[in-house]
Amino acid sequence: MISAHGVGRIFGEKRVLRGVDLELPRGGFGLVTGPNGAGKTTLLRMVAGLAIPTEGELHVDVTRDRVGFLAHEPLVYRELTALENLELYGKLYRIPERKERIGMLLERVGLWDARRARVNTYSRGMTQRLALCRVLLHDPDLLILDEPYTALDVQGAELLDAQLDELHGAKTFLVSTHDPQRVRRLATCELSL
Amino acid sequence: MARKHRIPLPALAVASLVLVTLALVLVFFVAPNDADQGFSQRIFYFHVSIAFTSYLCFGAGAWKALRHLWKRDPAADLESYVAVHQGVIFGSLVLLTGSIWAKISWGHWWLWSENQLVLFLVLFLFYAAYFMLRFSVDPGPQRANLSAVYALFGVVLVPVSFMAIRLAQHFIHPVVFTRHGAAFGGWILATYLVAQFAVILLAYTLYRVELAGKLLDLRIRALRLA
Amino acid sequence: MSYLSDVRALARKDLLLELRARDTLPAMLLFVVAVFVVFHFSLPEGSSDVAASGLLWVAIVFTALLALGRAFVPEREQRVLDALVLSPADRSAIWLAKSIATFAFLAAAEVVALPLFALFFHGLSGQAIAGVALADVGICAVGTFVGATAVATRARELLLPLLFLPLAIPLIIGGVGASVVADPGRYLGFLALYDLLFGLLCWAAFEYVVVE
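From first to last, the protein sequence lines are chains U, F and A.
Here the first sequence is numbered in this note's numbering, starting from -16 and rising by one per residue.
Here the second sequence is numbered in this note's numbering, starting from 110 and rising by one per residue.
Here the third sequence is numbered in this note's numbering, starting from 5 and rising by one per residue.
Fair warning: there could be bad hints in the mix.
To be verified - Keeping only pairs whose Cα atoms sit at most 30 angstroms apart, straight-line, the calculated DSSO-like set for lysine-lysine is:
| no. | chain 1 | residue 1 | chain 2 | residue 2 |
| --- | --- | --- | --- | --- |
| 1 | F | 323 | F | 180 |
| 2 | U | -3 | F | 212 |
| 3 | F | 323 | U | -3 |
| 4 | F | 180 | F | 113 |
| 5 | F | 113 | F | 323 |
Honestly, the hints are just simulated from the structure, not real lab data.
The model shown is predicted, which means the values in this text are computed figures rather than measured ones.
Put together the whole structure using the sequences plus the hints.
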């Protein structure tokens, strides 16, 4: 599903990535590790389609509506409620039975009771759990998670573990993390930057 | 990344020098005095030539921009930038020569009634912002895209601004081909054509020089970051 | 058609955000009134109506700049624009929705500003108001586009007026012309042409502004 050869990226005068090779088949679980500043986020953004490599070739064999990207930032509007945020994304991703699915996801991550509160009242953990909902909303085939455990609270982390266990094999994952021990058991290949 | 150009640079430089000299000779010694404005009209040959060349440069910049966006031509971004740069340089000269002409003919260094001058002022503002935009983004695909889009906006702005300024209803600026009409023949036409061709050639030479320099910069940078 | 429903969903989001934050529209209204007061003291005794009409357009353009500067703030603050770009929605829908929302704010501000102008200076004819409406379309279309461009750079707010004003000059000429000339047809036609040309250009080119 993902095929990268010699992928590199230069930002201005700074080289952020050099000669990255990656082959990730469908159903695979790719683990990306490396110190801060190694370019993990840049690589994930390129796979997601948000940035273009300046060198090398990158092929991602999936359409935009089948990709879910969990970034450093939660990518939700802080002035809107959880419900309003998910409604917007639900409409943009043309999800069938939108309201039911949103309700189901909010309940699963434990945000149902807070659904009508604005996101700027949430704790960091709650916001990241909402971000997780956003990512899972359209049931993507390719899930790209950029250091997902960093902003999650204990409850959220357990939820994510459960999701990963449930979905791995059926979906393709590309995950970058500081804490590889947590997900190494699931990984089918590992890339160290 | 570099495109192979057919005409070698030294040949261009020599040709430009010859032609510009010829144009100067024709303009100052051979072309007859204009009945209306006498000597001041001579700067007009260059003013109009430079203006037209400037439009050509902006047009070329927009064309290269289109090639970058549409065909993903790797050389096009830099070529577009250099073309726009030349356009701005010659555009500044339009403002300068126009101002000199205005002072000689009408006694003022600036005339709001001069449509061409006003148009070039607007374009100058627009393309100056182009450079601010370009230098405010790190080199890369995004900078190339933003620059290309902006260059395309510029080329649409030219006729639109032209229309707008005319609509502002000032007709003092002599529009060369319509005003002079039948009297515009013989040596005047020949001189103008030589001057025009000379300026275009000069612009192209400068374009090639700057492009070569920028490409060299890029190669050094690529080596440094490899 | 799903394109239109995307635009509607996005525009609704923008209007909702402003309703919650309630900062842009009040700021625009206060700004416009303040500018009118400044005009009064800037215009010397015996200035013509034409001069005041011209200044109206200065007020409109700079009030619009206020709104445009704020337009992409929610998207920029936490890179929410990434999420919108990732979605299957056509990228130009983002531009169109934002333009529509900005137009709504500008129109809302003008609903107050124009009568106030009539009160302070002189009445506005139907043709002037038609000019304002047509020019608003151009201002919002081009301004939103340029706002997205500015947000992608380091200089951001600094760049927005520099990019926007040269493009706005034809609109101002058209608008002033429509206000003061006896036969405004050509000016209104020109404004419509501008809106069409630049609207198409923005619509086609927005894709390239938001992808890195």
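Here is how each hint holds up against the structure:
no. : hint          : in the structure
1   : F:323 x F:180 : holds, 22 angstroms
2   : U:-3 x F:212  : violated, 50 angstroms
3   : F:323 x U:-3  : holds, 19 angstroms
4   : F:180 x F:113 : holds, 18 angstroms
5   : F:113 x F:323 : holds, 15 angstroms
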